[in-house]
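**Student:** Going line by line, the protein sequences match chains U and A. Heads up: the first sequence runs through residues 31 to 551, numbered per the numbering used here. Heads up: the second sequence runs through residues 6 to 329, numbered per the numbering used here.
Please note: incorrect hints may appear among the correct ones.
[As the list claims (entries may be wrong)] Okay, derived cross-link-like pairs now, EDC-like style, lysine to aspartate or glutamate, Cα gap no bigger than 16 Å in a straight line:
hint: 1; chain 1: U; residue 1: 236; chain 2: U; residue 2: 221
hint: 2; chain 1: A; residue 1: 310; chain 2: U; residue 2: 172
hint: 3; chain 1: A; residue 1: 187; chain 2: U; residue 2: 141
hint: 4; chain 1: U; residue 1: 236; chain 2: U; residue 2: 209
hint: 5; chain 1: A; residue 1: 310; chain 2: U; residue 2: 128
hint: 6; chain 1: U; residue 1: 236; chain 2: U; residue 2: 216
Just so you know, the hints here were simulated from the structure itself, not pulled from any lab data.
The lines below spell out each chain.
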Amino acid sequence: MSEKLATGNLLEVRGLTKIFGTLKACDAIDLIVAKGEIHALLGENGAGKSTLVKMLFGSLEPHSGEIRWDGKPVRITSPGAAKKLGIGMVFQHFSLFEALTAAENIALSLDDGSPINQIAAKARALSYSYGLPLDPDSLVGDLSVGERQRIEIIRCLLQTPQLIILDEPTSVLTPQEADKLFETLERLRAEGKSILYISHRLEEVKRMCDRATVLRHGKVVGHCNPREETAASLARMMVGNEVKAVVRAPVEGIDKAAALLEIRNLSRKPATPFSIPLRDISLSVRAGEVIGIAGVAGNGQGEFFEAVSGEVRQDTAGAVRIRGKDAGALGITGRRLAGAAFVPEERLGHGAAPRMKLSENLLLSRHATDKKAFVGGGGMVKAGAVYSAAQRIIEVMDVRKSAPDPEAAALSGGNLQKFIVGRELDRKPSVMVVNQPTWGVDAGAAAHIRQALIELARSGSAVLVISQDLDELFEISDAIAVMHNGELSHPMPIAEATFEKIGLLMGGAESGHGGQAAEVA
Amino acid sequence: MDIAVNILLTIATAATPLLVAAIGELVVERSGVLNLGVEGMMIMGAVAGFGASYLTGSPWAGLLAAMVVGALFSLLFAVMTLSLATNQVATGLSLTLLGLGLSGMMGTGFVGLPGERLPYLYIPFLSDLPVVGKLLFGQDPVFYISIALTAAVAWFLFRTRAGLTLRSIGDSHTSAHALGIKVIRYRYLAVLFGGACAGLAGGQLSLVYTPQWVENMSAGRGWIALALVVFASWRPWRVFAGAYIFGMIWIGQLHVQAIDLQQFAGAPWLLYKVMELLKSLPSQYLAMLPYLATIVVLVLISRNKRLTMMNTPASLGQPFVPDR
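From just these sequences and the hints, can you work out the full model?
**Tutor:** Next comes the structure, spelled out in structure tokens:
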């Protein structure tokens with residue numbers, strides 16, 4: 031498949047630079063995409079990949095540098111101009127409109143002005159011919175993330191672009207859906223189209239891509255042929271040094287350990303028309319183990335987390351039990367006092383108050399559990415104690431920051447995540463529930479967070495991790511359960527679990543959905 | 006019978022300014038912009054309409070001036086919120102305050118002057134038909150404009166590509182921008198349209214409803230129009246229903262306050278009892294009724310949460326700054 035059908039370079043980028051404030055997000059980037067190739071753009075979060083493609087798609091303006099399209103220099107001043115040249119983009123954070131139908135969403139990006147039902151028919155035909163079936167009349171708000179991705183791809187294909195940019199397309203797909211996408215991409219390459227493929231999943235890059243450009247800290251650190259590299263050598267290029275592997279010692283005698291977190295027949299009606307109901311979820315997490323919850327985004331994980339953390343209370347007090355006590359009727363603070371700690375998915379606005387300092391954010395989540403340490407007589411805050419605790423967490427988690435006690439919003443996403451996880455770990459909670467622990471965190475820090483979660487469990491706590499990153503779950507979990515459409519499967523012991531089995535469950539295959547309390551062998 | 010026709014006509018006259026202003030604001034809010042300055046734009050339209058009509062002698066010129074001034078006044082809001090990305094709520098509120106003050110100052114010379122009313126439509130034969138003649142073919146021009154406007158906006162929003170684009174901007178301006186849609190340009194046009202509508206509504210007040218200039222004559226109608234848009238879940242024909250329910254009960258309670266219970270002596274028992282109850286209420290409660298009834302009715306028809314969600318512009322009130 032690597033034979034080029036067309037020759038010559040479609041896109042040449044020389045010295046492209048973008049500066050945000052004092053940060054050089056992209057520093058003199060060179061990139062060449064040939065006709066009919068799948069070109070990978072590799073790099074960690076924050077390496078400048080998204081900034082670069084936003085410049086190529088006209089939504090950001092470069093400070094300097096040159097873009098040549100088909101040999102001629104061009105200025106791409108807006109997404110409209112990019113579309114005219116023949117550049118199509120499938121966004122990482124979807125650019126879809128939830129309140130509109132799939133067909134309306136597609137029509138909005140086409141300029142030909144043909145009637146909606148014609149576009150719907152075209153979209154339907156195209157989607158079936160690529161094996162990505164799509165119902166043009168469905169409302170986007172009702173669709174799963176995988177289906178939304180299909181709309182993005184079909185919308186992009188209908189514009190008949192020469193270059194298709196895909197920004198982390200598989201991060202929201204099941205392994206089977208991803209396979210389908212790879213087939214589509216290979217077919218497009220065979221048709222002579224070029225694809226710029228952004229990912230940090232090295233296996234899929236090795237499998238599909240003809241060439242790769244690796245970015246680190248906004249600079250190009252190398253061009254290579256991914257097929258000739260190993261995953262480890264690619265990772266080294268991306269990160270700059272070896273990534274320490276996470277060590278997970280097997281647990282012993284777990285079946286005798288006490289269940290610290292029990293969820294019994296938890297159900298929840300959808301709070302909004304677009305959210306997922308929870309259906310009769312039961313799960314227990316024992317002292318010493320890490321249980322992972324896999325699932326495609328938007329299958330009820332968020333709703334589940336809200337119910338477990340106490341953001342939403344339950345009608346039956348026994349639906350959630352923490353250390354053997356009914357906690358269903360307690361709020362977040364009550365559950366924290368019972369010994370649990372929670373790390374939500376959204377960092378800003380949920381995990382931390384953006385405009386407050388790190389020490390203040392620390393106090394916000396721990397004022398009740400650490401009352402003795404942080405609050406003195408008459409309800410006065412012991413600012414010094416809070417400050418030094420915050421500094422301790424910053425040091426342990428290696429949080430990089432510009433001021434001694436900066437506002438939460440001033441930190442990069444990865445660094446803030448380190449702080450938020452560290453804030454809870456610092457308490458040594460006996461139950462820890464984390465939603466997307468390492469989303470947007472660089473590889474080194476992610477390994478650090480994962481190792482810390484395993485160690486917390488091994489020291490006798492129960493750890494529940496909700497994640498979309500299957501690699502991560504396989505790395506740290508003792509058993510993996512899958513959430514699909516608001517139902518939770520039985521946890522599958524890690525020794526039995528494979529990507530394929532978990533992937534099938536993520537796609538909705540029936541197995542082990544049940545109301546009875548789950549047992550871990 | 007004549008009394009009934011006259012009551013229906015006054016209802017239409019009372020509902021029209023609400024309908025026109027609310028339809029304009031509906032388009033603005035569908036684009037994701039919350040303009041709380043409706044009251045201010047309306048009163049500016051009223052004073053400009055009366056002034057232009059008085060100075061030129063033509064109420065038609067007054068109507069045109071009302072729309073132009075309403076649009077120009079909304080341009081101030083557009084520049085502030087769209088180009089300078091100020092807070093929409095604060096800017097809208099100051100627009101209302103500014104409009105009320107400025108119109109009072111501009112209108113000092115007009116107070117007490119006799120105004121000229123816009124002529125009623127008259128089509129020979131059709132307008133002379135009993136009952137329907139006056140209702141359908143004998144009203145003021147703004148009434149016809151308001152009906153046409155409702156139909157045109159409903160068609161535009163749900164049947165045209167530009168309307169789809171406008172709705173998409175209201176749903177997510179970042180997504181719209183990523184697709185290459187000119188978010189700011191659409192929003193400018195929507196705000197100007199809303200301003201022209203509010204101005205027209207004000208012009209109706211000073212050229213049709215009570216053809217004279219009185220300070221503060223919009224009397225909170227702009228706020229009612231704003232509330233109508235929300236309670237009608239951003240759907241044009243529901244705004245129409247809301248405006249007419251409000252107008253009906255508004256006129257109804259005025260009549261109840263004025264009538265003599267003796268007139269109902271021969272009426273059926275139930276009607277008499279209802280009238281007795283209404284007459285026994287303090288007039289303040291009667292004056293509350295239109296607000297209460299409109300809200301109750303519109304809340305009832307928007308009980309379908311899903312439909313409401315689909316129609317609510319998700320990016321309403323959020324400033325949009327495209328990053329470059």
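**Student:** State for each hint whether it applies.
**Tutor:** Verification of the hints:
Proposed proximity of residue 236 of chain U and residue 221 of chain U is contradicted: the alpha carbons are some 21 Å apart, above 16 Å. Restraint check: the Cα-Cα separation between residue 310 of chain A and residue 172 of chain U comes to about 14 Å, which is no more than 16 Å; the hinted pair holds. For the suggested pair residue 187 of chain A and residue 141 of chain U, the alpha carbons sit about 13 Å apart, so the restraint of at most 16 Å is met. Restraint check: the Cα-Cα separation between residue 236 of chain U and residue 209 of chain U comes to about 14 Å, which is no more than 16 Å; the hinted pair holds.
Our distance criterion of 16 Å between C-alpha atoms is met by residue 310 of chain A and residue 128 of chain U, whose separation comes to about 15 Å. Proximity of residue 236 of chain U to residue 216 of chain U is assessed by CA-CA distance (about 14 Å); at most 16 Å being required, the pair is judged to hold.
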